[in-house]
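Assemble the complex: chain V is given as a structure, and chain R must be docked to it using the hints.
Okay, here's what each chain looks like letter by letter:
Protein chains: 2
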Amino acid sequence: MTLNAKRPSIPVVAVVGTGVIGRSWVQVFIRAGCQTRIYDENPEQIEKALTWLDQDLEAEQADTRRSLVSVHTSLSDALKGAGYVQESGPEQMEVKKAIYARLDEAADPNAILGSSTSAYDMSEIASGLSGARRCIVAHPVNPPHVIPVVEILPGAETDPEVVAQTIEFMTSVGQTPVLLNRYVPAFLLNRMQAAVIREAISLVESGVADVDAVDAVIRDGLGLRWALMGPFAVADTNADGGIREYFTRYGQAYKDCMDQLGPTPSFDAEMIERLGRGTDAMSGNAPHSETRRWRDRLIRKIRDLKAADPRPD
Amino acid sequence: MTLNAKRPSIPVVAVVGTGVIGRSWVQVFIRAGCQTRIYDENPEQIEKALTWLDQDLEAEQADTRRSLVSVHTSLSDALKGAGYVQESGPEQMEVKKAIYARLDEAADPNAILGSSTSAYDMSEIASGLSGARRCIVAHPVNPPHVIPVVEILPGAETDPEVVAQTIEFMTSVGQTPVLLNRYVPAFLLNRMQAAVIREAISLVESGVADVDAVDAVIRDGLGLRWALMGPFAVADTNADGGIREYFTRYGQAYKDCMDQLGPTPSFDAEMIERLGRGTDAMSGNAPHSETRRWRDRLIRKIRDLKAADPRPD
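Here the protein sequences come in this chain order: V and R.
Heads up: the first sequence is residues 1 to 313, going by our numbering.
Heads up: the second sequence is residues 1001 to 1313, going by our numbering.
Extracted from the complex, chain V is given alone in its bound form (with noise of 0.2 Å):
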C-alpha cells in the first residue's frame, strides 16, 4: 500500500495492549514513522505481536519495525516521553478503568490518551481522574492498519484542543478520523453494520432470499458503490438534481420501504447454524485466515485505486 507521506504530529506514541486491534495499530504507528513504545500485561502477547509484525510487513518494513519499535516492561517505562497513547485492553468497563487511571498517573502530563473501545463512553471511563481533559475514544475498525475509519468521540471532559489534536494526529498517520458529536450506544460504524444485519438476517428467516444472495446484492451490488462514496453521496449522484432531487422524488418510496423493514432477529441457536450453513458453502474449504488475508489485500489495492484517482472536487 501507498505508504503516507506526512510527518506524523506527533512523533513518540505508546502501545498498550498488543493483542489483534493493538498490533495493528503498531503497525499503523511504525508506518507513519513514528517511536512506537509497546507495553502489555501478558509478555506472551507481545511476543505473539513481533512474531505476527515481523510475518505481515514487507522487508523494508520490518527493518523500520526493528528500529522504531521499543518493548517494555512496565508500564510507566513505556509511557516515558509518548504524547499520544492508544490503549486497547480488554472491553470490561472496569478494566478500562483500572487501565486509565493508571495510564493517566503515569503518562506525561500532555499526552493524550486514546481508547480503542468500541462501547463505552470515556465520560464513565475517565470519570473522576484528575487529567480526563485528556482521554478520548479513538475506536478503529479491525485491523486498523489495513481499514482507515476512527471513530472519535470526546468524554464529558475531553478538552476540545485534545479532539483537535486527535484528529490532526490521526489524519498524519494516514488514518481517517471520523468525529461523533456525543456519545450514542454502538457508535456509528457498529450502528450502520448492524442495520445491514438486521435485514439480511431477516430477508433469509422470512424465506424472501438464500445466504449467498444476500451477499452477492452487497458485495456485486451496492458495496462497490459504497467503497468509493457513503450513503449520502451515492444518493447525491443518483439523480442530476443532486441528493435534493433524489430524496424530494423517492422519499415517500424509502417512507414506505423503511416502514416495513424486518424486526430485530432472535440469534437463537437454530437461525445461527442456518447462516452458518450459507457462509460454509460461500467459503469453500479456506480456512479464515486466507480469506483474512486476501480481503486486507484486496482492501489495500482499493485503497491505492482511490488514492490514484480521487473523487473530483
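Don't read these hints as lab results, they were simulated from the structure.
Note that the coordinates shown come from a computational prediction; the quantities given were computed from them, not determined experimentally.
Note that the Cβ used here is the ideal one computed from N, Cα and C, for glycine as well.
Hints should not be assumed to be uniformly reliable.
To be verified - Derived lysine to aspartate or glutamate pairs resembling EDC-like cross-links, with alpha carbons at most 16 Å apart: (1) K97(V) with E124(V); (2) K1306(R) with D304(V); (3) K301(V) with D1304(R); (4) K1301(R) with D304(V); (5) K306(V) with D1121(R); (6) K1097(R) with D1077(R); (7) K1301(R) with D309(V).
As the list claims (entries may be wrong) - Pair by pair, the computed Cβ-Cβ distance ranges are: (8) R1293(R) with S127(V): 23 to 29 Å; (9) G1284(R) with E290(V): 37 to 43 Å; (10) E1058(R) with Q55(V): 37 to 43 Å.
Showing chain R alone in chain V's frame:
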C-alpha cells in the same frame, strides 16, 4: 474492464425502452456479443442512447456496437428473433401492464420477457397474459453495465425453467443474477440500502454526527469490506470460529444495538436541505456527471481486482 469470455446463452435480444437503464443494458448485451435489437416509442430516446453508446464505448467496442445493434421503428419488428427481451419502460403499473400485453402478443413464443422494474410484482404485471409463464423481473442496479447484480424475481405463474434460463443468460453476459424466492416490497437491494439510509439520516438528525462523518464511516470503513464480501461473509471472517462463534458471542450486543436504531425519517424539506448542504460540501464544484464517470471508472477497476484475485475457496 475485462470482457466476458463466455458466449451468451441467448444470442439475439431486444431492448425495449432505451432511457438511462435501457441504454446501459444495450452495453451489457453487446459486450457479451448479443445481436441487440432496440426500440423506444420516442425516437429521440433512441438517438440519445446511440450518441451515449458511441461516447461511452471504447473504440473497438464502438465498432462492435455498429455491427451488433439494430434500431427498429416498430415494436413487433424489434422483437423478431429475440430470445430474450429486456423491458425498461416507465415505472407505472398501468404502463407496465400495457407494455407486457404488447410484448406477449408480438414476441416469439419462447422468448423470455424480463422487466427492469424496481418495485412491481410480476404476478400483477403478467396477470391474465397467455404468456405469463415467460414473464420475469430482472431488476438491475444503475448502471447495469458497471454494477453486475440483477435481482431475478419470478411471478406466480412464471415457469421454473424460465427462471433457470434467465439466471443462465444473465450469468453468460457477465452479470450476477440474485434469485428472490418471493416478492417483497423494494426487493433485496433497495431494502438493504433503505436500512443504511434510515440509520444514516437518524444519526445526522439526532446530532450524533455530520453528513460527511456518516459517509466516511462507509466509504473508508465498512464499504471497503462490502466491495468484497457481504455482511454474512464479513461476520464469518470476523472470528476464528466463523459466523457461528461471532453471532453466538456478539448476538446479544447486536440485539441491544438493533433495538434502538433510529426511526424512519420524515424526508421533509428542512431535513432534505440539511442533507443537501452536507453533500454540497463534499462534492465541491465537480458536476454530478463527472463524479458518476469517476465512480464507474473505479468500480470497473475494483471488479478487475476481484476478477484477477478471487476469494480463495
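So, going through the hints one by one against the coordinates:
As the CA atoms of K97(V) and E124(V) are separated by approximately 8 Å, the hinted pair is consistent with the 16 Å bound. Restraint check for K1306(R) and D304(V): the C-alpha separation of about 14 Å stays at or below 16 Å, so the hint holds. Of the supplied pair hints, the one linking K301(V) and D1304(R) holds, its CA atoms being roughly 11 Å apart against a limit of 16 Å. For the given pair, K1301(R) sits about 11 Å from D304(V) by alpha-carbon distance, which is consistent with the 16 Å threshold.
At roughly 39 Å between alpha-carbon atoms, K306(V) and D1121(R) are farther apart than 16 Å, so this suggested pair is violated. Restraint check for K1097(R) and D1077(R): the C-alpha separation of about 20 Å exceeds 16 Å, so the hint is violated. Of the pairs offered as hints, the one joining K1301(R) and D309(V) holds, with about 11 Å between alpha carbons and a cut-off of 16 Å not exceeded. The beta-carbon spacing between R1293(R) and S127(V), approximately 51 Å, falls outside the hinted interval of 23 to 29 Å.
For G1284(R) and E290(V), the Cβ-Cβ distance of about 41 Å falls inside the hinted range of 37 to 43 Å, so the restraint holds. Between E1058(R) and Q55(V) the beta carbon distance is about 42 Å. The supplied range of 37 to 43 Å therefore holds.
Of the numbered hints given earlier, the model fails hints 5, 6, 8; all others are met.
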